[in-house]
Structures are given as structure tokens and as C-alpha cells.
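A.B. asks: Here is how the chains run, residue by residue.
There are 2 protein chains.
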Amino acid sequence: MSRPLVVDVHTHVYPPSYMAMLRARKTVPYIHDPASGEPRLIILSSDDDPSIPIDERGRPVDTSYSDINVKLTFMQQHGIDCSVISLANPWLDFLEPAEAQQWAERINNDLEETCAKNNKSTDPDSALPLQGRSTLFAFATLPLSAPSVDIIVNEIKRLKTLPHIRGVIMGTSGLGNGLDDEQLGPVWAALEETQFLLFLHPHYGLPDEAFGGAEVTKRYGHVLPLALGFPLETTIAVTRMLLSRVFDKFPRLQILLAHSGGTLPFLAGRIESCIMHERKFVENGGDVPGPQRSIWEILKTNIFLDAVVYGTAGLKAAVAAGGGTDRLMFGTDHPFFPPLNEGEKEWISVTTNYKAIDATFEGEQDAVAAVLGGNAARILKLE
Amino acid sequence: MSRPLVVDVHTHVYPPSYMAMLRARKTVPYIHDPASGEPRLIILSSDDDPSIPIDERGRPVDTSYSDINVKLTFMQQHGIDCSVISLANPWLDFLEPAEAQQWAERINNDLEETCAKNNKSTDPDSALPLQGRSTLFAFATLPLSAPSVDIIVNEIKRLKTLPHIRGVIMGTSGLGNGLDDEQLGPVWAALEETQFLLFLHPHYGLPDEAFGGAEVTKRYGHVLPLALGFPLETTIAVTRMLLSRVFDKFPRLQILLAHSGGTLPFLAGRIESCIMHERKFVENGGDVPGPQRSIWEILKTNIFLDAVVYGTAGLKAAVAAGGGTDRLMFGTDHPFFPPLNEGEKEWISVTTNYKAIDATFEGEQDAVAAVLGGNAARILKLE
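Chains as they are written, first to last, in our numbering: chain A, 1 to 383; chain B, 1 to 383.
Note that these hints are calculated values from the structure, not bench results.
Heads up, the beta-carbon is just placed ideally off N, CA and C, and yes, glycines get one too.
Check the hints yourself; a few may be wrong.
Which residues of chain B face chain A? A partial, calculated answer using Cβ under 10 Å [claimed, not checked]:
1) Val149
2) Val153
3) Leu175
4) Ala210
5) Ala214
6) Leu228
7) Thr239
8) Ser244
9) Pro338
10) Ile348
11) Asn353
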């Protein structure tokens, strides 16, 4: 059997325009250029620690974030035919209201142009199949801090005119009050109407107190916030959407959850059980309406998962929760989790996910092909 | 095939002595007896809300917590042959140092006596097989706030003289600073030496801020703290043990994780990947030693999971992470999650877990029998 198509749905960029914006800032998030060495990205308020010399604060941000050629080389080295690139966190969450619309348009136009230019160079007539050439599509970003929700809705509609945009990426803060905020209604309606996929991605993690305080959190480097805080942030966000009945009110909303749903597939049963046992909800004689549709139904109709979970245990839960293999899509999280030894070309974070897919669907070539790229090509209409 | 043995490893009690202690208290946790109706249990500081009339604060605590006959009836109604009872949270975490030893001894003696008396009544000679009669064993509680760790170690050793004690239940705070506290070394050593199973169970959840603040948390009743906070608390606690190298230093420690590990089976791959990519750890040229054994190895040698996860997605992840079906054990979480309609004798929280086990191991009778009771009988030496 021929090698299946491989599509990476979880791969981030900071376009040069975004890098320039971060360089001009002096508060988190910002980029600082030390006297020597790579620029530093100070992305979280905890990174901006005055006890650390400014030249060592945050993390190095090399060209893999902003130079699309570095990503194309990475794709070739890892057998990836097509990447659906998205702005990395924290997106535009932090912008002043007056700046939001302009920056969203600029960055989305940059993403569109990057995809168009690249795809034209590999196939001027767009007639070749995706397989075997390096093709790019993109998830756009939204001006969530804009002074009016109409500006966000208008940007979603404008994105329909950009041929390489296949959805939008969003964090968990929404307009600043989480994704159960009723003010987001018009945004959900616009996403339903355009049938853009919403790629929901963490950034804020959990408060240090959850891990036992700042001292404990720091003791283990980034492990607790990244390994546990990020997945829980996603799970909390989507559970708040469920509990506030977003999926009842907008039943055609299509969401791709980062990191195989955070922990949603594993906890879905417990969430459903807790809802059924919650006296507060009307069906049980409570005082507010609870969600009308079961979490299992929502997992099978509204939610897609990436396969960025680094093991068969997570993938098996993802498949069982989603009712099959047709809602799961390969991803890498590039340029995050590079090999620690700089000489290594093969990224173990990527090969771990490849191996987990093979091991989970042992001998089921159709399932492997679906997860690696077939699902993404169909769901995102990549052509 | 005959009906398999069913053992419930996750079932809680408040012995009458513990109830009396809570009734004598005026600060959290405490029990308040309203002028009419059932006593109220005020267990969390958030329950002790002065804006709520005292007679309505907290949750009703009926006889299912303290009357062992209610549990025996529940067991008969749900086909459970044997229960390994444990003190419910918050155990003795809150006691003044001087009180801790005395209360631990008293409660553990009460648990022992309850089991002994019951088992003698169903089989005076202890000669019958477990199946078909209602047998009790227990996980004991530890005086964790005692002024010296020796008192805790001595209680563990004393427990070996109580024939129905099969392990100890513990929360995530340890001596007050979490389970990565080096001061806990002698406790881990004593548990290794006695080969008592440590049943690790959540109580504290996550700070409200993790869910978007107290107002958001309350909006959905107990769903966010119970469905997401509890499992994450367990996951964080065991990950801190792993990162602080507890399993390297005490490789024979045997831990049973509540709620199928919280989210550990699902997140194990991500935790392992984050450790491998953490510059702080020595193997990678960092400045502190990282864990020496892989999380997958620890899941297969040190960790047991209950099957209280309410769905096939969670169970499949639990089996995949633990390398098979021989480390997973049925549980109910009784007396929590009773039916909301009081007339119902069948608890949907229990039947959901029964059905999930059947659906996960469809047709594999040996696996079903192992998870329902065979594993517990072997691991806990129930006879």
C-alpha cells in the first residue's frame, strides 16, 4: 500500500508582522533581543520575573517560529504533506480594543499570503494532489478584544474571502470572561453559519496554587503547567461551554480540541455523571437549565480531536469518546517540543505521536490513513 | 458461567466516632443538626458560606455515611459481595497535632471492629468463600498531622496487627506540603515494608480561580469541582510524587488511585514527553535529577486504578496505560452520587460503571471477572 497522506492540523507560526509587534512591546507578551544569542519570548507573566536578568528571561524564540522555510524543512523531514498553520498563543488576546481589528486583518492576510505563495510555488495550477508536495492552509485569528462583537463577526465573514483559511484558532478567555459568556453568541452563530472549524487551544494553564504554589511549580520546570495545566485549561473551557448550553443553542458548531481534548475524552463519563447528579439543573427539579444534549452526543457531532497525546492510552480514549476514528487528526505542535540536543533532526515529540497512532490501530491501515491525513482532508476540505 | 465475585474497593464510611467528632466541631469540617431534617455536613470552606442559613449550609449527611447496615443493604441491591471500606474525606487532615494519634487509633479500631463483627455474623469460622455473602475489609486512616512522623509510622506498623486492614487511604496534602515532601520518606518506607496499599483520594480540588472564579464555579453547582477539580487534584499529586522521584526511591510502593487515576492514564504520554523535553533535569544537562523510571513503567508496577470512571473511554485508557486488565478494580464511591429521586433503589452511578466494564471487555469474561473482583481479591489478599 502506498504511503498515506499526512496532514498536520496542530502547527503554529508567529508571522513576521506578529514578531515585529511583540518586539515593540515592553509588557507581557513581548520579545527581547539580548546583546548576543537568540531573541527571548516572554509569554507568561510568570516568565517576566524581575529576579531573572532580562537577557535570560522567558524562552529562546528561534526562526522556527517565524520563518516558513524552517517549517517546510521540518515537514519534509517528518513526512508531512500538508500543514494547517495557526498563530501560536497568546494570539491577540492582550491587544488594546482599538488595535484588535487592524492586527487581526494584518495577520490573517499574512497567513493567507504565506499559504498562497507557497502553494503556487509547489503547484502553480493547484491541480496536483496534496500528497508528496508541501502544501499550506491556515486557521485564522480573531480580534477578540475589539470594542464590539460585530467586529469579530465581520472578520469571520471576511475570512470566507481568503481561500486558504479553514477555520479560526481561539484561546479559552473569549472576550475576557471565558467561553460560557453569553456575549459570544454572535461569534458562535457566525462560526456555525460559515462552518469554519474553531480550533480551541490553551494558553493560560492553571493558577500556581493548583500545583502547590509558585515554588513547587518552578521546582519542576515547565512540566506541571504544560503537562497538566494546559490540558485542564482546555477541558475546563469546553465543559463551561457545555454547561452553559452553547452546544444546545449552536448545535452546528464544529470545534477541534487541542491535545486530544486536554482530558475531555477521559473525563467525559465523570462530567456526564456529575451533571446527572446535580440538583441545580432543571430536569432534576433544580433552578437553572442544565445541558440538554449528552456529552457523548456532543463528542460525536460537534467535537474533533487532534492526535497530539503521545501514547496509545490517550488515543484509545479519544477514539472511544468520539465514537470511531473519523474525528481524530494528526498534529505535531511544531515548533514547540523540539529535541533538546540541537543536532537531532528527528523530533521525538513527533515520532512518539506517529508510533502511538500505529500502535493504536495495529494493522488497520484505513484507520491509520484516516487519522494521519484523510480525516483532515475531508473535514477541512483541503484541495 | 457463574456470576463473578464483585469487590468494591472504593466505598466510604464515617464511623459513628468520626460523626461524633464532627458534631463537636464549630469550624470546617463540622456537622450541624438543624431544628428539623437531616444533619448537614459542612466539609469545604466554600460550603461554610455565612450568606446561607446555617440549617441549609453544606450537604445533607444521612445514615448511609455512618450506618453500616445501610451499606450492607446497598451491597445486596447492587450484587456486591465484598466491600473494602475507607474513611471519607477529609479524613483526619484537619486535626490538631496533639489529637491526631488518638483519633487515628480510635477510628481504625472502629473500622476493624465493624469488619470483624460483620464477617463473623455472616460466617463464624471464616471458612466460606467470599462470594454470595457480604464481607467487609478496610483501608485505615493515618494521623498525618501528628507532631512527629514516627507516630504515623508506628500507626502503620500497629495496623498490621488488625486482621481486616488492607491498606491506608490518604489525601493529597500529606503532612501539609503535598506528596513530594521529603519528610514523607519514612511513611513511604513503612508502606513499602508492610506492603499496605495506599489508596490516594482527592478532597481539595482546584482553586476556584482555575474555573474562572467563585461566581463561575457556583453557577454550575458541584459539577466543575467534582468532575474536573477532583481528578486533577489526584493527577497533580501523583505527578509531583513522580517528579520528586518518590517511585525511584521507593520502588515497591503500591498505590491505588481513585477515579481511575484522575486523568493520569490519559495524560501519561504528555507528562512523559514534557519530562523528556525539560531542560531542568540532569539527564538532559539540567540542574536537578529528573525521574529515572518512565511513567509507563510506574503505571505497570506501582500503580493500581479503580474502575470508577463512568465510561468505556476512560476504562480503555486505564487498561492501555496499565498494560492490561490486572491492575483495575471495581468501585462505587458509595455513599456519594446517590440517585436524585429518593425512591430509586438502583444507583445509576453504579450501573454506569458496571455497564462500562461490560462494554469495554465485551465477551472477555475473564477480564470482566478480574476487574469486578478477581484483581481485588488477589491484590488485597481478601479471604
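A.B. asks: It remains to establish, for every hint, whether it holds in the given structure.
C.D. replies: Hint check:
| no. | hint | in the structure |
| --- | --- | --- |
| 1 | Val149 | violated (19 Å) |
| 2 | Val153 | violated (24 Å) |
| 3 | Leu175 | violated (13 Å) |
| 4 | Ala210 | holds (5 Å) |
| 5 | Ala214 | violated (13 Å) |
| 6 | Leu228 | holds (6 Å) |
| 7 | Thr239 | holds (6 Å) |
| 8 | Ser244 | holds (8 Å) |
| 9 | Pro338 | holds (8 Å) |
| 10 | Ile348 | holds (7 Å) |
| 11 | Asn353 | holds (9 Å) |
The structure shown violates the earlier hints numbered 1, 2, 3 and 5.
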